[in-house]
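*Asks:* Chain by chain, the residues:
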Amino acid sequence: MTIGKICMIKDLKLALFLGYKSIINGHKSTIALMIFILSLAFVNLVFVASILNGITTTINKQIINNSVAHIVIDPQEEPTRNKYIVHTKELRQQIESLPGVVATVAHYKMVATLTYDKNKDGEFKYGTWEIIGVDPEKEPLVTGISNHIIAGRYLEGRGSGDIILGSDIAGDYGAMEEFRSLGGVKVGEKVKLNFGNGTARKYTVQGISKVRFALIDNIAYITAKEAKTILQIPDDRASQILVKIDKTGNEDWYIEKIKEMAPNLKVRKWTEYTSVAGDLTKSFDLISAIISLIGLSVAAVTIFILIYVNAINKRRQIGILKAIGIKENTIIISYILQALFYAIFGIILGLIIIFYFVEPYFINHPLSFPVGDITLTIKGFQVLQGVFGLLLAAFIAGLIPAWRAAKENILKAIWGA
Amino acid sequence: MSIDIEVKNLKKTYPGRVPTHALKGVTFDIKEAEYGAIMGKSGSGKSTLLHQLGLLDTPTEGALLINDIEVSKLKDHEKTLFRLQRLGYVFQEYALILELTAVENVLLPAFALNGSQRSYKERAIEMLDKVGLKERADHRPCELSGGEQQRVAIARALINNPKILFADEPMANLDTSSSKQILELFQKLNKELGQTIVMVTHEPDDQKYVDRVIWIKDGLIEKRSAS
Chain Z
0 MTIGKICMIK
10 DLKLALFLGY
20 KSIINGHKST
30 IALMIFILSL
40 AFVNLVFVAS
50 ILNGITTTIN
60 KQIINNSVAH
70 IVIDPQEEPT
80 RNKYIVHTKE
90 LRQQIESLPG
100 VVATVAHYKM
110 VATLTYDKNK
120 DGEFKYGTWE
130 IIGVDPEKEP
140 LVTGISNHII
150 AGRYLEGRGS
160 GDIILGSDIA
170 GDYGAMEEFR
180 SLGGVKVGEK
190 VKLNFGNGTA
200 RKYTVQGISK
210 VRFALIDNIA
220 YITAKEAKTI
230 LQIPDDRASQ
240 ILVKIDKTGN
250 EDWYIEKIKE
260 MAPNLKVRKW
270 TEYTSVAGDL
280 TKSFDLISAI
290 ISLIGLSVAA
300 VTIFILIYVN
310 AINKRRQIGI
320 LKAIGIKENT
330 IIISYILQAL
340 FYAIFGIILG
350 LIIIFYFVEP
360 YFINHPLSFP
370 VGDITLTIKG
380 FQVLQGVFGL
390 LLAAFIAGLI
400 PAWRAAKENI
410 LKAIWGA
Chain Y
0 MSIDIEVKNL
10 KKTYPGRVPT
20 HALKGVTFDI
30 KEAEYGAIMG
40 KSGSGKSTLL
50 HQLGLLDTPT
60 EGALLINDIE
70 VSKLKDHEKT
80 LFRLQRLGYV
90 FQEYALILEL
100 TAVENVLLPA
110 FALNGSQRSY
120 KERAIEMLDK
130 VGLKERADHR
140 PCELSGGEQQ
150 RVAIARALIN
160 NPKILFADEP
170 MANLDTSSSK
180 QILELFQKLN
190 KELGQTIVMV
200 THEPDDQKYV
210 DRVIWIKDGL
220 IEKRSAS
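Top to bottom, those sequences are chains Z and Y.
Taking numbering that gives the first Met the number 0, the leading residue of the first sequence gets 0, the next gets one more, and so forth.
Taking numbering that gives the first Met the number 0, the leading residue of the second sequence gets 0, the next gets one more, and so forth.
Isolated chain Z, as found in the complex (with noise of 0.2 angstroms):
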């Protein structure tokens, strides 16, 4: 071992020696104090990631599970457009046969304005929305709606002339705007479709669907089997292909291949179809980031001014130990790893804090978003971020005031002049 590296196990082991008795010797309810700021310091910033991870993360749970599945398959852009997709039998049993691939559905997409006489007295109410036509059977495999019936049934079989409305659309069922809504139809009752193509029809209202998503919400939902009748086209062909995988985040692999399935097909992502996804996470991220920068700061400067006054009431102490040859270096360490014992133990009460109090409370009393119950999404790196990002401010508020109360002149120190 070079004499260097023994000077400094000498130097660290002293640093070590000092630090612990000032912490095991020094006033309880201080340190005690201290560790609690941290650890709230420490809660601060993995809360509040994990807040608008919650948040991101529903999104994505109510994109992925209500609305399009892991991957959309539409028609064909280039070089002509097309409305469907054709051969779409052959298409989904390929896609199917490749591993992890969970179920496909076909969707047949119409836009249609509903009207709704409420007191059978002529005055109607009306709105223009989006019409699904889905496979009562195969749907519930790929897409979560039938699971979010709040009122009367899902559709059922093959059958025509029962439509299941969003809760938007229906009304009286808490939507964001109300006002747009039908105003409060109930199971059983009948509205009116006029399709764009201008087919008009009548249909029997089975069930109400909430995911408290709004933009799913505001969605209805046909049998496959009448959207086709109205579409008129053949059984092979449909608007839209939903494809459920058995992971998320692997749907990059399965695209590249259902590509060199039909080249021609426009194949996304979740992401990439609902721009609200994308752009919710990285806003999200931002606001996290900039968050956690805040709180960082906080935290250091907590350390800092805590370990300032320490020092500044130890600065006769400072100036004794350099007076008797203690090294500068072992006083900044000793007063670096007594911010560090601060930190770690604040880190240790603020994990504690989080996985045992505050999120099997949010578990139990979820906040009530637009996009859904939202509990607390603890991310572990985000929780390293945390550990490391405290560590680094204790270091650093330890050692400034360390430093330069170490760097003072030994009379100045010991006499205060």
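Calculated from the structure, these hints are not laboratory results.
Since the model is a prediction, treat every value here as computed from it, not as a measurement.
One thing to keep in mind: the hints can contain errors.
Unchecked claim - Subject to a maximum C-alpha distance of 25 angstroms in a straight line, what follows is the list of computed DSS-like cross-link-like pairs (lysine-lysine): (1) Y:K74 / Z:K4; (2) Y:K72 / Z:K406; (3) Z:K406 / Y:K74; (4) Y:K120 / Z:K20; (5) Z:K411 / Y:K74; (6) Z:K137 / Z:K281; (7) Y:K162 / Z:K9; (8) Y:K74 / Z:K9; (9) Y:K129 / Y:K179.
As the list claims (entries may be wrong) - So, partial list: chain Y residues that the calculated Cβ filter (under 8 angstroms) puts toward chain Z: (10) L55; (11) G61; (12) R82; (13) L83; (14) A94; (15) L97; (16) L99; (17) A171.
In this text, a Cβ means the ideal position worked out from N, Cα and C, and glycines have one as well.
Got chain Z sorted already, so can you dock chain Y onto it with the hints?
*Replies:* Relative to chain Z, chain Y alone:
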């Protein structure tokens, strides 16, 4: 007998709107195993002189040699190591680390020099025994009297076997009985162990314990007794 400390035309000026010339050119030497006292009235410059000798401050001009090394030219970190290895310093106000026990205070310089506290604990207790405080080894400074604290400080100053021991009015805050104990302890260390001691005091009665006195007045040596 060789010379331990050689002071040549040492000057110290504190800057300010009106600079204070605390030392105006002091020249003397202290021999090995000598017990010297620096005496003078308050504000005469005696403590300033001891601070320069103990490497706690840097002289403005002149040369200071300790064991033939020109210490006034050493860098800060070299001075720190020099203090640790070769000098012991006893302050007027005990200057103990409040969070450490008596024995931990004493072994601190040994720990800093050798990197081990366990192996020097025995020696620290031995040093405390020398100053008559073995039984109080595990007491913290707040549990000790002024005289006891000062004796702990002396034990701490001696643990690394320093070549020279400096003491800055070590009896200033002590009662007569404690002061006598300290002076006798210094005398014993000097006579029995051959410890070089330089002590600042303003008490004329202390002269009888020392080998030589250097009187300082207005930053200059006023007179010196023969060694």
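*Asks:* Would the hint linking K74 (chain Y) and K9 (chain Z) be met if the CA-CA limit is 25 angstroms?
*Replies:* Roughly 21 angstroms between the alpha carbons, so the hint for K74 (chain Y) and K9 (chain Z) holds.
*Asks:* For the pair we were handed, K72 (chain Y) and K406 (chain Z), check the Cα-Cα distance against 25 angstroms.
*Replies:* Holds - the C-alpha atoms of K406 (chain Z) and K72 (chain Y) are around 19 angstroms apart, at most 25 angstroms.
*Asks:* A94 (chain Y) was flagged as interface toward chain Z. Is the shortest Cβ-Cβ separation under 8 angstroms?
*Replies:* holds (5 angstroms)
*Asks:* If you draw a straight line from the CA of K406 (chain Z) to the CA of K74 (chain Y), is it 25 angstroms or shorter?
*Replies:* holds (14 angstroms)
*Asks:* Holds or violated: is there a CB of chain Z closer than 8 angstroms to the CB of L83 (chain Y)?
*Replies:* Holds, about 3 angstroms.
*Asks:* For the restraint on L55 (chain Y), tell me whether the closest CB of chain Z is nearer than 8 angstroms.
*Replies:* This hint holds: L55 (chain Y) lies near chain Z, its Cβ roughly 5 angstroms from the closest one there, short of 8 angstroms.
*Asks:* Given the hinted pair K411 (chain Z) and K74 (chain Y), is their Cα-Cα distance within 25 angstroms?
*Replies:* Answer holds: K411 (chain Z) to K74 (chain Y) is near 19 angstroms, not above 25 angstroms.
*Asks:* Measure nothing beyond the straight line between the CA atoms of K162 (chain Y) and K9 (chain Z); if it is 25 angstroms or shorter, mark the hint as holding.
*Replies:* Answer holds: K162 (chain Y) to K9 (chain Z) is near 23 angstroms, not above 25 angstroms.
*Asks:* Sort out whether K179 (chain Y) lies within 25 angstroms of K129 (chain Y), counting only the CA atoms.
*Replies:* Answer holds: K129 (chain Y) to K179 (chain Y) is near 16 angstroms, not above 25 angstroms.
*Asks:* With chain Z as the partner, please determine if L97 (chain Y) meets the hint condition of a C-beta pair closer than 8 angstroms.
*Replies:* With Cβ-Cβ at 7 angstroms, under 8 angstroms, it holds.
*Asks:* Does the nearest C-beta of chain Z fall within a distance shorter than 8 angstroms of the C-beta of G61 (chain Y)?
*Replies:* For G61 (chain Y), the interface hint is violated, since the closest Cβ of chain Z sits about 18 angstroms away, which is over 8 angstroms.
*Asks:* For the hint on L99 (chain Y), just tell me whether its beta-carbon gets within less than 8 angstroms of chain Z.
*Replies:* Cβ of L99 (chain Y) sits 6 angstroms from chain Z, so the hint holds.
Hints 6, 11, 17 from the earlier list are contradicted by this structure; the remaining hints agree with it.
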